[in-house]
Every structure is written in structure tokens, then in C-alpha cells.
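**Q** Turn these sequences into a full structure, and let the hints steer you where they fit.
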Amino acid sequence: MEGASMRGVLSHLSLLEVQARSRGSQVPQQPSRVKELKAKVEALTSQRDQLKAELQIHKKLQKLRAPVDKRREDGEDEEMDVDSGSSELFHLMARHSELTDLLHAHNLIGGYDAIITNGGKGMCFSLATEYEGVYLDTYKLELNLKPKVKISRHNIPPFIALNSLAEQSNLQTDVRAFLATVSQHLNAFAGRRQQLKLVKEQHKSVEVMESNLLCSILVLMFTVPKDKTPLLCTLEYTDHTRYLPTRVHLNCQDKLLPDSPNWKKNCSLLKEVPVHRALTAIKKASDIV
Amino acid sequence: MSEEKAEELKQLETEVKLLQAEIIALQQQRQDSWENVSVQFRGQMQDALAFVCGQTQDLEETVVSRLKEEVEELEKDLKLQTQMNGICLNSCITKTLQSRGQEVVHQVCLSGRSYELVFQVEFQLSELKDGSRTERRIRDLNLVLDSSDLQSLSSFLSRVEETRDLLLFFRTIRSYSEKCDDRTRTFQHFQVSQSRTGQPRTSH
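Protein chains in written order, with the working numbering: chain Z, 1 to 289; chain U, 1 to 204.
Any given hint could be a false lead.
Using 35 Å as the maximum straight-line C-alpha spacing, the simulated DSBU-like pairs for lysine-lysine come out as follows [said to hold, decoys possible]:
(1) U:K129 <-> Z:K140
(2) Z:K204 <-> Z:K284
(3) Z:K271 <-> U:K179
So the derived list for chain U, only partly shown, Cβ under 8 Å to chain Z, looks like this [claimed, not checked]:
(4) K5
(5) Q40
(6) I87
(7) C92
(8) I138
Only some residues are given here: those of chain U computed to face chain Z with a beta carbon under 7 Å [unchecked claim]:
(9) L12
(10) L18
(11) I23
(12) I24
(13) L26
(14) M45
(15) C53
(16) L74
(17) R136
(18) D140
(19) F170
It is worth saying that the hints were derived from the structure and are not from the lab. Backbone N, C-alpha and C fix where the C-beta goes; we use that ideal spot for every residue, glycine too.
**A** See the structure below:
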């Protein structure tokens, strides 16, 4: 080939090459916006499909969990197996959701949430407390089961005499009785403490003079409307498994006041009804400010 | 930008808007369906869901066998809780009544028994997020007991319903039914011994 034409071909080729390269480099420069949107569409599609499937499954699970008679009533039974490709899967899913709900229910009703620990040598329990519909603190207690049943770790406050409760309720032979006793003490304590909290919140005119950690003693100062006489009221909760006081004692400069029929009635009330509610009634009767 | 690219862009943007609207509608549907039964999709349930959507490479048998394993664990756990709590729960249906901001309210319907005492309990559970804590509260408690000894329990029942002391209710019926059960078994034991020897044995 002649030199000039060779050069012409080569330069033509290199021109084509340059053009091809520049065309190639134009594509990424093009709206990465398109790429962005395509990716978004993919993600949203996947999210939508998952929601659709969730709703479908939800419908199926609802039918599977409905009582058997209702299912038959609705003529649903046959319909279920049409999709039988994965009916074992759906039945498992229904059972899974049922079991999850039942376990959650055990927790809601104050169950011990028992867990086996230490390769079977121990057990851990949750002791839930609640008062008047309000869930309060949950305490944990771990027991070693072998060789003997022994209390291991726990976060129960020291003023609850755990060891003596263990002896009383025969921890070695009856773990459940022990747990029930501890739960009873904890709930009564939590209830008394909650009552004190409610007294402070709902009855600002009543002054809390004294209370102890176990909330087994409560000393309150009332103001009697007539002459604004101060009246000291001591509530003793000697039975630590109860929310109500066993003894109510009044102290007043006016020695006759505590023996008045009204106050005799109020003392009985304080032994029958939780203190925050008793005070509401006493206030309503205008016996205190 | 070329015209076809601009066209493609418009199409994609429309598609995105349509999908977003569809998703919102489906989420609302899900919310509404939760008012009948609430189901959670976590762990193996999440995997099973992904399988049903065709969004996983797993084989059906793998998904099934893993889910089966988890179901077996849950069965074991339920047996343990039933034994330790002394309460046998037959069914629990949870409906979501409200899920707004920090507060979720569920309607819970339980049925079960403690020894021979059969119960049905219905209540509303409110869960309010307060920082890192969640405050749980019972509202509107309804108790139904099937017992031959309703007289002694009826005043207790109405009091507990009023104060909404759900946990107190369960602690009480457990100990009550346990004692009834003990009494019945003791009584049966002495009946049997009596019929054998013809003479009542002296109690210890």
C-alpha cells in the first residue's frame, strides 16, 4: 500500500476509534438518574411484593387459626388445600404465630418466663409485679438445681427476706410454692409503694411524714378543716403479703377527735380500702382538707 | 439529553409514584387486618415470608425444615411455661386497636384453665413508650370463670375487674385451683382407702 493512503487509513481508523470511545464514555455520563430510578423501582417493587405476600399469608393464617367449627361453617377447609403446594409451610407458620402469641400471653399474665440455664443445672425466673392495672418492676431470680436447690443470683431488694422465705416454703421440694410466695411478697410491696406514689400525686394536702423501704410503715399528716388542726395517722402493714394496713393509729392534740364516729369510720375505711382511694373518700366527706 | 432518555426518565418517575401509592395502600390494608389478628414476621417467619414472595434462593424443604425446628423449640418452651406457671392457655388472640405515635393499644382475648378451673379473659393492653422505658397498662378487664364454686369467687372477681389487677387474678386462681385440686385428690384417696378396708382410715 502506498504511504499516503496508509496514513489516511490509519488516521481514519484512529478517528473511528476515538469516536467509538467517546460514544462509550457518554453512556455513564447519561442520567445516572436513570440508573438511580431503575434501582428505586426495583426496591419498591420488592417492598410491594413483600407486603402483598404478607397480607396473603396473614389472611391464610387467620383462617388456619380460626376455630375448626367456624372454618367448616365458612366452607374454608377445602379452599386451603388448593394452594397445597406449600400447605405444610402455611400450617407451620400458623402454628408458629399461635405459639408465639401463647408465650407472649404467659408473660402478660405474670408468668415466670422460666429459662433453663447452665446446661440444665439451673433455672432463671422473672417475677413480674403489677398494681391496679399498671405493670411495675420485674425482678429476676436464678436458682441452682443441682446438687441441692439453692438461690443463686437475683436482684430482689434486701428488705425482702428471701432466705427465710425459702425455708418457709420448702424450696428443696417445692420450687413453685417458693416462687409463688416470693411473688406474693414482691407484689404486695410493689402495690404498697405504688399506693404511696399515688398519695403523693393525688393528695397534695396530705404530708408524708415517714415511710420505710419496705413500705410497711406509713405516717401521714392530715389537716382537719375545723381550725386547721393537724392529725397524724400511722398505718402499719405488719402482714407483708397484703396491700392493706393491719393497724391504723391516730394522734391529735384534740384527744377527742380520733374517737369521733367519723374518724372511727375513717380508720375502718383505711383498713379496707387502699390508702389513696380511702383518702379521696375522706376528703369528699370533708373530714380532711 | 436525548428525547428517548427524557421519555424513559418520565416513565420511571411515574412508575416510582405508582409503586409508592400502592405501598401506602397495602400498608393501610395491613394495619386494618391487624385489627383481626396481629402476626409478627421475625426470624424463621421472615425467611418463610421471603420464600413465599419468591425473594430467596432457598429450597422449600430448607425453609420448611428450619421453620419446623423453630416451631419445635417453641412447643418445648410453651410446655415449660405451662408447667412452671400452673396455667394452661388454649388460645390467645391479639388485635391491634391503635398504633399511634408512642402508644400502641391491643385487645387481648385469652382462654385456658388452671387445674379444673376454666377461664376466659379479655382486656385492653396499652403500651406507651417513655424514652427507653415502656409503660404497660391494663384497661377494661373482663373475666369469665367456669367454676362450680362461683359463689365464693364472685365478689373477688368483680373487685379484680374493677381494679384491673390482672396478675393478682391469675395468682389467686392458680393457688385456689391448686388447693381445690389437692382437696379433691385427698378426698378421693380417702374414699378409695375406705372402700378397700370397709373402715375409714384416720387422717394424719
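**Q** Hint by hint, note whether the structure agrees.
**A** Hint by hint, here is what the structure shows:
At roughly 22 Å between alpha-carbon atoms, K129 (chain U) and K140 (chain Z) fall within 35 Å of each other, so this suggested pair holds. Under the criterion of a C-alpha separation no larger than 35 Å, the hint pairing K204 (chain Z) with K284 (chain Z) is consistent with the structure, at around 15 Å. A C-alpha spacing of about 27 Å is found between K271 (chain Z) and K179 (chain U), which places the hinted pair at or below 35 Å, so the restraint holds. Given the 8 Å rule on beta carbons, the hint for K5 (chain U) holds: about 6 Å separates it from the nearest Cβ of chain Z.
Interface restraint check: Q40 (chain U) against chain Z, minimum CB-CB distance 7 Å, threshold 8 Å, status holds. With 8 Å as the threshold, the beta carbon of I87 (chain U) comes within range of chain Z, its nearest partner Cβ sitting at about 7 Å, so the hint holds. A least Cβ separation of about 4 Å between C92 (chain U) and chain Z falls short of the 8 Å threshold, and the interface hint therefore holds. With a least beta-carbon distance of about 4 Å to chain Z, the hint placing I138 (chain U) at the interface is held under the 8 Å criterion.
At its closest, the beta carbon of L12 (chain U) sits 4 Å from a beta carbon of chain Z; the interface hint therefore holds under the 7 Å criterion. The interface hint given for L18 (chain U) is violated, since its Cβ lies 9 Å from the closest Cβ of chain Z, which is over the 7 Å cut-off. Annotation: I23 (chain U) was flagged as interfacial toward chain Z, and the flag holds, the nearest CB pair being 5 Å apart, inside 7 Å. The interface hint given for I24 (chain U) is broken, as the beta carbon of that residue sits about 10 Å from the closest beta carbon of chain Z, more than 7 Å.
With a least beta-carbon distance of about 4 Å to chain Z, the hint placing L26 (chain U) at the interface is held under the 7 Å criterion. The restraint placing M45 (chain U) at the interface with chain Z holds, with a minimum CB-CB distance near 6 Å, inside the 7 Å limit. Contact between C53 (chain U) and chain Z, as hinted, is supported at the beta carbon level, the nearest pair being about 4 Å apart and thus within 7 Å. With 7 Å as the threshold, the beta carbon of L74 (chain U) comes within range of chain Z, its nearest partner Cβ sitting at about 4 Å, so the hint holds.
This hint holds: R136 (chain U) has a C-beta 4 Å from the nearest C-beta of chain Z, less than the 7 Å allowed. A hinted interface residue such as D140 (chain U) counts as satisfied when its beta carbon comes closer than 7 Å to some beta carbon of chain Z; here the least separation is about 9 Å, so the hint is violated. The restraint placing F170 (chain U) at the interface with chain Z holds, with a minimum CB-CB distance near 5 Å, inside the 7 Å limit.
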